[in-house]
Structure formats: structure tokens, C-alpha cells
Amino acid sequence: MMNHTLHFTEQEISERIDACKEKLYRLAFCYVKNEHEALEIVSEAAYKAFLSFKKLKQPQYFETWISRIVINCSIDHLKRERKYTYIEDTSQPLAAKESSLSLEEKWDLYEALDLLRPEDKAYIILKFFEDRRFSDMAEVLSLPENTVKTRFYRILNRLKKQLTQGKVDAP
Amino acid sequence: MTGKERFDNIEIPAGLSGIIQDARRRAHAKKRGRNVRRGSIVAAAACTAVLITANYPGAASAMSDVPVLGQIVKLLQIGGGGERTDGVSVTTQAHADTLDIHFDADGEQTSAAPAYTVQRQNGPDRLIFTFNGVRNLNHAQLEADIRRLAYVKDVYRDIILDDSAIRFVVELKDRTDYTVTEFKQPGMIRLSLFPAEKMPVSNKLYFIRSQEMKQGESLAILEEQYSAEGSGVVKTRSGSFAMVIGSFATQAEAEAFLEKLKARDDYTEPLTVDGWMSNERPQ
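Quick note, the sequences are listed as chains A and B, same order. The numbering of the first sequence is my numbering, which starts it at 1 and goes up by one. The numbering of the second sequence is my numbering, which starts it at 1 and goes up by one.
Simulated from the structure, these hints should not be mistaken for laboratory data. Any given hint might turn out to be false.
Said to hold, decoys possible - Facing chain B, a subset of chain A residues (Cβ under 10 angstroms, in silico):
#	residue
1	18
2	51
3	55
4	56
5	108
6	129
Every residue, glycine too, gets a C-beta built ideally from N, C-alpha and C.
My request is simple: use the sequences and hints to build the entire structure.
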């Protein structure tokens, strides 16, 4: 039986972060779309991870845990550093391609991220870019799986309306 | 290209590992700082240790785990920062792969680092630190401390004409990367060295150079004369020094630039075009 209360050492945490650093950087980069700010976010997230790794009780969830820290740092960073225009404020639709294509093929979801509120971006990144299952997303976002599914489809519907009609519902 | 493909193609910056290791050090220092605050006796000892190491670098070797008490101002690889100062003394404290540069004036640590710049040059791979508003420096101690760093090949002073500034050159071993962190309250600069993720490809570069010279006023005047052209001082393979301008990607480019210099009224000291590998010293 796996020892679920095993603690990492600082060196082990360092090695684990190093092993997934590129993934963490890409995650942060999606929020800010520039190297300098993405590095700032990763720096802050790593700092918090090194400070609090003793609280991580289940080593097998390390990547889930550190991803959540990066997402929270990214949201904090965006709210602190910039005014953003998210989907409810936009009026210009992005051009859609052929209707027989999948959502990911129809629209550039990387660009569409810029239309989303900071707290909504993770749903698109985790699902479409990192290919996560809803159960994994629920772990990362610390939410029940059903809540994640509901929010994901709500965000997707708003995006679809925006991308096809330039209209969206109120949040 | 789909959004996922764009996501997968996000370029990873070379300094990412350094950023993470610096976060580790900050967290380590923060945790130690917490422990320090939890006990007044420990706190007093830690503060004393910082003051001792700042003023007496000889004690630094025994204090390699002293926490950083300052706040981070910036983290950079090239560029500069700090504040205008005058008459600041510089002391250093070396650990296995970090160098802490402390500053004090009138016997007290300064609240900010003095104005400084950091440059990186090839041929050989080296960092050039310049501190302004600094007059007192035990250069032998600084060299000794820097030589103790695991990733340093050599260190030497670049004597400049401005006697209120100091400049020194740190030659890096192959496959070394670095970050420079500026702190305030108190002011400190930390140089962190670590293995580079990728082995840089060495290539032949071309320079305009002087003949070999000894360190001193003549070399400093020559460097100053061509400062607008990005001049610098490099240690040669024989242990002497040369003023160099460049690098240039081709010999033709270097020769064309030299011709322009030769046409100047102040061109007196003979300069030549020379080429050597980006990770090596000149002859």
C-alpha cells in the first residue's frame, strides 16, 4: 500500500519542479503571453511551492498541486497587473473556419484565451492544450468534477456564441 | 496551426531553471527568516551574523546559510539597477554557487545597492560587473571569494579611469548559466551560477584588439577611448590583457570597422583584427 503521508524533501521538490518546469511555464505563458511575466509567475509559484511543500500529503498529486499554484499565481498576477477585456465586453467575433471541423480546429483557442476572464482560462488550457480529463481538472481546480463540467460547458457555450455571432450571455 | 500546437510550441526561455533555483533560495531564506523571528536569541545571532559577514568577509565562509533579509528589487541577466551613492564599501560572501555582494557606508549596510550594470560577453564567456559610487574595495578578497565559486574559471579587475567606480570580470566555465538578483533593505547583489540547460555551440568570432598589455593606466585610457564602440578588457592566454572591440561575425566586418577607427584623429595605438573561439581567450 502506498504511503500517502510521505513528505518530500526540499531537494525532491526541486527535482519534481525541474521535471515539469516547461509545462508550468507554458501554463503561465497562456495567461500573460509574454516571457517576462510568465517567468515572474513561475518564480512566484515555485517560491510558494518551496515554502509550503510540507503541506502536500500525497506525493502522487504533486503535479496537480503545483499546477494549481501556477494557475492561482497567474490569476492573481492578471488581476493585479493589468486591466483585461474578457468575453462579456467584446463585440468583434473571431473568424470561424469550416463548420465540419472540431472546435479546436475551427477556432484558434490560444487566441480565444484572451477573451476569457482570468479564472476561466484554466478550463480551456487544461482541457484543450494539456488534454486533461475532467477528473484531473477537478483535482487541479479543487472543485467537484460535476462543477468543473458545468463551468467548462458554460464557458465553451459563451465562447461559441462569441466566436460565431459576436454575442454572449451575461455571466 | 491549432491552439494546442501553438501551446506546445511556446518557447522555453534559457533562464527558467535559474528562476526556479532562485525561488528555492528565497524560500529557504524566508523559512530560515521565520525561524529567526521565532526566537529572540536566534534573531540576535542571525542579525549579528549578517553584520559580521557584511563587514568582515573573512567570516563569510562559516556563514554560508545566512538568510537573505532584504526584499527582492529585480532579477536579471543583463542590465542594471541600484541607486546613486558615493563612497560605498564593497564586501563579498561566497557560497558553493552563489556570490553575495554587500555594501556599506559609514559602518552601516546601505538600504539599496549602488548603481550597477551587468554585461555578458563572449570570447571568452564572461560577466562584467560595474559598480558606480563605490570607492572602497578589497579586490584581493573579492577575487578570492569569486574564485571559490564552482562555476567560475577566473576573475580579474578591469581598471577604469573613473575612481568612483569599480569593474571586474568573471570568466565562466563552459555550460554555465546565471542570474543576478538585486535586494534592498539592505542593499545586496546576489550572483547565482548553475549549469546551463544546453551546451552552447562555440563559434569563431572576430574582434578588433590591441597588443598585449599590463593592467594599468595605458590600458584604461585605451578602453576609455573606445568606450562608445563597446570596448572591453580581456585576459589573454599568456595572462596579460588586451583591449578588445566586438565581436563581429566575420573578419570582413571587423576589418571594415577598423578602417573607420584608423580614420579618426585619436587613433594612435595600433589595433588589429583577430579571431578566436567564443569560449576561449585570445592569444
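How the hints compare with the structure:
no., hint, in the structure
1, 18, "7 angstroms, holds"
2, 51, "5 angstroms, holds"
3, 55, "13 angstroms, violated"
4, 56, "14 angstroms, violated"
5, 108, "5 angstroms, holds"
6, 129, "4 angstroms, holds"
Checked against the numbered hints above, the structure breaks hints 3 and 4 and satisfies the rest.
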